[in-house]
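Colleague: Each chain, letter by letter, is given below.
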Amino acid sequence: MNAPELIVDGLEVRLPGASAPVVEGVAFTLAPGERAALLGPSGCGKTTTLRTLAGFERAAGGRITLGGRVLAGPGIHVPAHRRGIGYVFQDLALFPHLTVADNVGFGVPRTAAGRRAVDELLALVELDGLRGRLPGQLSGGQQQRVALARALAPGPGLLLLDEPFSSLDATLRDAVLAHTRDVIARTGATTLLVTHDRGEAMAFARQLLVMRAGRIEQAGDPGELYRAPRTRFVATALGAANLLAGEAAGRSARTALGVVDLEREADGAVELCLRPEALALAPADGADAGTARVRVVTRAFRGASTLYAVEGDGLTVEVLAPGDAPWRPGDTAALIVRGAAAVLAATP
Amino acid sequence: MSSRSAAPRRLVGASASAVPVASFVSGALVVLAALALAACGQRSADPAGPLVVYSGRNEAMIAPLVEQFRAAHGVAVEVRYGETAQLAALLLEEGARTPADVFLSQDAGALGALARAGRLAALPQAVLDRVPDPRFRSPDGRWVGTSGRARVLAYDTRALTRAELPTSVRALTEPAWKGRVGWAPTNASFQGFVTAFRLLEGDAAAAAWLRAMKANQPRVYKNNLAIVEALARGEIAVGLVNHYYVHAAAKGRSEPLPVANHHFAKDDPGALINVAGIGVLAGSARPAKAQAFIEFLLGAEAQRHVADETHEYPLVPGAPPPAGLRPIAEVGSPTIDLSRLDALQDTVRLLQRAGIL
Amino acid sequence: MWRARDADPAAWDLLLHPRTLDLFTRTATLAVAVTAVGAVVAVPLAWLTVASDLPGRRLWTVALCLPLAVPSYISGYVLLAAFGDGGLLDRWGWPRPDVYGFSGAVLALTASTFPLMFLSCRAALASQDPSLVEAARALGRPPGLALAAVSWPPLARARGSSGLVVAFYVLSDFGAVSLLQYDTFSRAIYMQLEGAFDRSLAALWSLALVAPALALLVLSAVAARRGPQARAGRAATRRPRPVALGPWTAPALGGCALIVAAAVGLPVAVIGWWAAQGGRGGALLDPALTSLTIAAVTAVVTVVGSLPLGYLAARSPSPAARLLERVSYAAYALPPIVVALSLVSFGIHVASFAYGTLAMLVFAHVVRFGPLALGTSKGGFAALSPRLGEAAASLGRAPLAVATRVALPLLRADLAAGAALVFLSVMKELPATLLLGPIGLDTLPRRIWTAAGDGNFAAAASPALVLIALSSLGVALTLRHERAAEQAA
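Residue numbers (this note's numbering), protein chains in the order written: chain A, 1 to 348; chain B, 1001 to 1357; chain C, 2001 to 2489.
Derived by calculation from the structure, the hints in this document are not laboratory data.
Just so you know, even glycine gets a beta-carbon here, dropped at the ideal spot from N, CA and C.
Fair warning: there could be bad hints in the mix.
[As the list claims (entries may be wrong)] Facing chain C, according to a computed beta carbon distance under 7 Å, are these residues of chain B, among others: (1) Glu1078; (2) Leu1090; (3) Glu1094; (4) Ala1096; (5) Arg1097; (6) Pro1287; (7) Gln1291; (8) Glu1295; (9) Thr1335; (10) Asp1337; (11) Arg1340.
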């Protein structure tokens, strides 16, 4: 399948009854076949963005182009049923009066080719044996797969997923997510997942869009964003973050934890982000004189790793140590900075 | 959901489960269309078209007459049956565009209201002269009576003898009748009687009588027949009704009805004779047919039919009164212009002020 | 309405007359009482026939709808013949309730209107997500209480709209109140129209009747803003297991039987007694077919027409849409004759091409009985997740297909209830048929009216029996769709 490219430019959405726009100035591009995730807290406008892409909401400004075709723009609003965009709803929205096969076949012409497409998808999501069931007779994971198959059946160029895993329990979620990613990869559709779960977003996406208060704060490869967030918001959205002030000069900065390396060049007063795994603890007596001394406040054993909160110089930071790390609350240790710190923008 | 723009005609049919509904609906629509087309052809101002009659009188009585008329004159007739007052309101609402040629009314009041609104055409003198008593036709020749109905006091023959009954309707305000009188203030015949009372005795006297009656706690009924039935059940002792309802209520009963008519004395307002009548709508495209129909209704055969069927008084000289009734000349109806009974508005107001309506 | 402008200035005096206020109070009291009593009767019956294992639920459902098919003058006659002075109980010397005045009017009107609420509540219960009940049970409520807690919102919605319809029916009723001698506003309007041929004053009084009703509607529309919109999802609808009545089965059956006997059995018995007196029958096939066709067509047209408005009312956030919906109820609050006459005026001046045709009559019925279908349509949409429509659209289905393949099947129970209500009402409708129908249109109610007007109750019996029989058939057929929907889900 030739997946199309999605270009969103300056998108603005207003909902009835709200004075301020819910989505403002959102711009991003998804390459053909791209698998992206839109991450943000509830109420940030991510679902509204998705619904506007699908055509359920009207864009108040900006432009949406899919495979060279303008779906929304000044004076243009292609209705949802003419967009050819697949959508998986948070509540799945399966048709309760139709069987599994009829649900999946809903958007497919009743031809031999259509029936074949339904059969293939049912096989793909491993629901072959349940085609005659009604949605009410399925488990949550099965329902989720029906919803995915239904959205994929018409062969959409773009697939939108609105928190489709949120109703699943944690143990099931990873497997379903992997399966979904696998199925989508086989169809080759350009995909955008909306979620508030960073683990889900990073596990699913090749491109990550972090959204805050109706705007995209930062976009890029999930690993890159995790390593080098540009704002405090993105830094905390993607994982635990130790935020500390420093005085930068080139690729290093002086901080309360000593001199640390920087991800990029900076000068003057900066705010830095150090991930807990970029820090390590060492026995206090064997350490260099220049190393910071800290006192262990709390310890959370996680099997493969142990998360410590340590205090030194009035500053509390989190440290991710190996599972067998020996320190107990009250112990004194040396704090070693192993990785480079991300330099955050000066604004909030 | 975006179903708002769904076109109603095609709503059914796409889904397999809706097929029985679809076939049913389309079948029904076809029948409807056929009926509508059939109905369309009959509405026209064509003088050759059928005579259109609005009848406030019951179909059971009128339909055989219409059939006889059609057979005798070869004129097609279409009749819209309804309640007299509702048909009068309909005719007023339709105005000059009415498809009706003739209005057959249960009472003179409705005819008077239509005449006053300029909706009735003048009748030829020859037609009017069929009913010589000037009390039973419109003085300006807009309508003519077809049968007469006397106001009477019907009474429960198990509870009362004729000698115990009053000679005047005024006596019903006496304490002896407290709670024992039935009346139907919403009924047009009753309101016609009150109007006659007003015209004969003056508004003040009528109002005083109504208030005194109200204080005497009469029982209120929907219509005359309900009063007669209430008499038969023993709910009340006497009731103000038209004379033929006793006959009507007796019809089809296995045991004899314990109710009889009592006429008030001559010239008492309670002895009023009102008429059912007929008029031709102004602007009728078929005046000749309309006139023929009226002449037929005033003919001996039709007059006898009405007397037999409804027990109402024929108004054409020579036609005998219904069996068991006093001749109309012996009923002492007060002399009053029945046309003026269309002044019901003031009567209704009077009834409302007295707290009766 | 514009008739009111022409009204005599003196009429305004009358409007300010203390009697007007008195009439208003009496009318309002009656409307409230009938609605309340109706709810007390209808809600348990709806629950029994939907959610319990009551034997013969289908049969009871149809039987409990039938009071709608009994023409009001028959039920009024029955009430008087049974309980009135000189009635059966009186003759047998038994103690009897006082049926004249307020209590009688409440009794008669409740008997003829409770099916309106019954059907709406049934539809609301039938389309309810059973997992909600299970959720409530999981939260520690015993079955009965769980049901009460969870069923309350949809029931309240159903009672809200159908209660409005019942209240408005009471406002517009003339037959029962005049028979039972209880003065209301609509009696006053009739008097103006029928006694005085005064359309202006009747119009003015109609306005006086509708104005407070409309005010109430506006208030309720504002209040409805905070009401629940749609439920989270209807994806996993299963039929719930019927609640076992156990030892309560017998009392439940007894209660149903009592109500059916009073509201249906008695009138049918009386009609049967009339029929036994013997009378000329006359061929009834043609009027029966005509009545059936008109009622069926009107029911379908009304239900289909109610969809956009019901959709808007349930979904649109704008108060204007809700107001529009509420105002459409006004036609139901007016005495039928007033509505018929205003449509005559409209027909002869605006739509003269259709005047005097069946189409005009169907239109009149749709206007008058629209609220019956609107209430159930709105309730259905309110309970339908908007996600389902969006899902269909995202699968490339145009709005029309969304309506036929998703909305209609899922709304079937609600639409069937609406159709049944309209069907039953039209089957026995008289004044509009007489005034607006094609000349000579022969329907069953007209046959009954003609025979009864002639005092020939024996002749009225056979058309009345056919009317009730066909009505039950119609209800049974309509409710089959509800059953089909239940089985599918």
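Colleague: For every hint, state whether the structure bears it out.
Modeller: The hints, checked one at a time:
1. Glu1078: 5 Å, holds
2. Leu1090: This interface hint holds because 5 Å falls under the 7 Å limit.
3. Glu1094: Since chain C brings a Cβ to about 5 Å from B/Glu1094, closer than 7 Å, the hint holds.
4. Ala1096: 10 Å, violated
5. Arg1097: 5 Å, holds
6. Pro1287: 19 Å, violated
7. Gln1291: Violated - the Cβ of B/Gln1291 stays beyond 7 Å from chain C, reaching only about 21 Å at its closest.
8. Glu1295: 23 Å, violated
9. Thr1335: 24 Å, violated
10. Asp1337: This interface hint is violated because 18 Å lies over the 7 Å limit.
11. Arg1340: 14 Å, violated
Checked against the numbered hints listed earlier, the structure breaks hints 4, 6, 7, 8, 9, 10, 11; every other hint is satisfied.
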